[in-house]
Structure formats: C-alpha cells, structure tokens
Amino acid sequence: EAGVAQSPRYKIIEKRQSVAFWCNPISGHATLYWYQQILGQGPKLLIQFQNNGVVDDSQLPKDRFSAERLKGVDSTLKIQPAKLEDSAVYLCASSFGLPSVYEQYFGPGTRLTVT
Amino acid sequence: QKEVEQNSGPLSVPEGAIASLNCTYSDRGSQSFFWYRQYSGKSPELIMSIYSNGDKEDGRFTAQLNKASQYVSLLIRDSQPSDSATYLCAVPNFGNEKLTFGTGTRLTIIP
Numbered sequence: 018e019a020g021v022a023q024s025p026r027y028k029i030i031e032k033r034q035s036v037a038f039w040c041n042p043i044s045g046h047a048t049l050y051w052y053q054q055i056l057g058q059g060p061k062l063l064i065q066f067q068n069n070g071v072v073d074d075s076q077l078p079k080d081r082f083s084a085e086r087l088k089g090v091d092s093t094l095k096i097q098p099a100k101l102e103d104s105a106v107y108l109c110a111s112s113f114g115l116p117s118v119y120e121q122y123f124g125p126g127t128r129l130t131v132t
Numbered sequence: 003q004k005e006v007e008q009n010s011g012p013l014s015v016p017e018g019a020i021a022s023l024n025c026t027y028s029d030r031g032s033q034s035f036f037w038y039r040q041y042s043g044k045s046p047e048l049i050m051s052i053y054s055n056g057d058k059e060d061g062r063f064t065a066q067l068n069k070a071s072q073y074v075s076l077l078i079r080d081s082q083p084s085d086s087a088t089y090l091c092a093v094p095n096f097g098n099e100k101l102t103f104g105t106g107t108r109l110t111i112i113p
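Chains as they are written, first to last, in my numbering: chain H, 18 to 132; chain C, 3 to 113.
Honestly, I wouldn't trust all of these hints.
Claimed, not checked - Examples of chain H residues lying across from chain C (beta carbon under 8 Å, computed):
hint : residue
1    : Q58
2    : Q65
3    : N69
4    : G70
5    : P98
6    : L101
7    : A105
8    : L108
9    : Y119
10   : E120
11   : F123
12   : P125
Said to hold, decoys possible - To give an idea of the interface, some chain H residues facing chain C are shown, with a C-beta separation under 8 Å as derived from the structure:
hint : residue
13   : G45
14   : L77
15   : P78
16   : G124
17   : G126
18   : T130
No wet-lab data here; the hints were simulated from the structure.
Quick reminder that beta carbons are idealized off the backbone N, C-alpha and C, glycines included.
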C-alpha cells in the first residue's frame, strides 16, 4: 500500500513570496490533516478535512494560509505572502476515519525555508 | 498550562537498558493516547496507542496509562541504538478529533 505522498520535499523562498504544497493521502483515507512542525516542537495542526469538507481550521492563519481538498482526495496548502516565521516542515497526514481517526499516517513532509 | 507536556531531553540511555519516557496531559476527558516516533529528518510514525488504565505491551515497548494522575508513559526495554529518536506523545481533545502533540523527548541510546 502506497503511503502519503507530498511534494516538493524542499522549498526555499524569499519573504513575501508565495508557495504551494501538495499532498496525496493513502487511498481510501477520508480524513486529511496539514501540520506545521517548527524545529524542536511537536506538530501543530493547521487544518483537518473530512472528505472535502473542513472539520477544523482554528489554528490556520487565514490571512496568509489557505488550503483545499478538491474531490475529497488530493489537497494543496498555500502560503501567500510568506513570512520568516513560516520556516518549518509542513506535514500532511491521513487517517481512515472512525473509529481509527487518531491512527494517522504521515507523509515525508516539505521543509520550507523563508529567507 | 500546556495541554500535553513532555521533557524535551535529551535522554541518554545505555544500550540494553530500559528507557522511560513520560507525558502529562491537561484534558481530563481524554480517552485515548498515542506515542509517535520521529527519526531525525523524518516524519512521525505511530508506534503505540493506549485506551485503558494500566499497561499495554507490544514487543519491547510498554505504554502505561494513569488517567487519575493524567499521566502516560512509554517504556522501551533492551534499548537499541536504532531506538534513538524523538518520541512524541499525542492526546486527542475531548469532544473533537483534534490531536495535540507534545514537544517530544529526544532519546539517545549509547552503544
């Protein structure tokens, strides 16, 4: 079974530029998550989708971050404009859903550096 | 008070010894608890889940849960150099499906 796919793996941009990340979850997984992990910290949930609907985006900085999950499969996360403090690893995870919603499988992540 | 707290470490343990990792949480309504392992430069990987008070064993790993004390721990027996990683404790928020992670404990197994 293929795992969660993410691209790109690395991205370097200047502040105020825009960037987009892509995620393809494990086939059949209804729930998709985007996390931000700053060095030395645990992952912080940015947004959670159930199929193509948003379940939780309370910690998503909506003035600069946006995300969508068209057709309930692939998802993209965009940052526009980027700030220095956005430098982090962006992790996508997916889960089958109830009752195993907490058994999340992570992709390899995208390491973003904002200069 | 942080929702999920862990000692950041680093925790150094000799090869073959028992490594003990601890986690406390603030939400008394939490019903399930998870341990993820994260190797340097890699993504988190689920290694243990525990739902009931007491111990749960899986190979060299034992998770211990004490809901009254709001405390969950992970024991690694016969520690191997390959166990060197950061271990993240994760707890769902009661009432929703949001998973809150601790900052992680960095474990180093010394050969």
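Hints versus structure:
Of the supplied interface hints, the one on H/Q58 holds, with its beta-carbon coming within about 5 Å of a beta-carbon of chain C, less than 8 Å. Because the smallest distance between the Cβ of H/Q65 and any Cβ of chain C comes to about 7 Å, under 8 Å, the interface hint for this residue holds. With a least beta-carbon distance of about 16 Å to chain C, the hint placing H/N69 at the interface is violated under the 8 Å criterion. Interface restraint check for H/G70: the shortest CB-CB distance to chain C comes to about 13 Å, outside 8 Å, so the restraint is violated.
Because the beta carbon of H/P98 sits about 27 Å from the nearest beta carbon in chain C, more than 8 Å, this interface hint is broken. With 8 Å as the threshold, the beta carbon of H/L101 stays out of range of chain C, its nearest partner Cβ sitting at about 21 Å, so the hint is violated. Residue-level restraint check for H/A105 is violated (minimum Cβ-Cβ distance to chain C is 13 Å; threshold 8 Å). Among the interface hints, the one on H/L108 holds; its C-beta lies about 6 Å from the nearest C-beta in chain C, closer than the 8 Å criterion.
With a cut of 8 Å, the hint placing H/Y119 at the interface with chain C holds, because the nearest CB-to-CB distance is about 6 Å. Restraint check, H/E120 versus chain C: the minimum CB separation of about 6 Å is within 8 Å; hint holds. The interface hint given for H/F123 holds, since its Cβ lies 4 Å from the closest Cβ of chain C, which is under the 8 Å cut-off. Interface restraint check for H/P125: the shortest CB-CB distance to chain C comes to about 6 Å, inside 8 Å, so the restraint holds.
Because the beta carbon of H/G45 sits about 17 Å from the nearest beta carbon in chain C, more than 8 Å, this interface hint is broken. Look at H/L77: its Cβ only gets to about 12 Å from chain C, farther than 8 Å, so that hint breaks. The beta carbon of H/P78 is not positioned within 8 Å of any beta carbon in chain C (closest approach about 17 Å), and the interface hint is therefore violated. Checking H/G124 against chain C by beta carbon gives a least distance of about 6 Å; that is within 8 Å, so the hint holds.
The beta carbon of H/G126 comes within 5 Å of a beta carbon in chain C, closer than 8 Å, and the hint placing it at the interface holds. At about 14 Å, the closest approach between the beta carbon of H/T130 and any beta carbon in chain C exceeds 8 Å, and the interface hint on this residue is violated.
The earlier numbered hints that this structure contradicts are 3, 4, 5, 6, 7, 13, 14, 15, 18.
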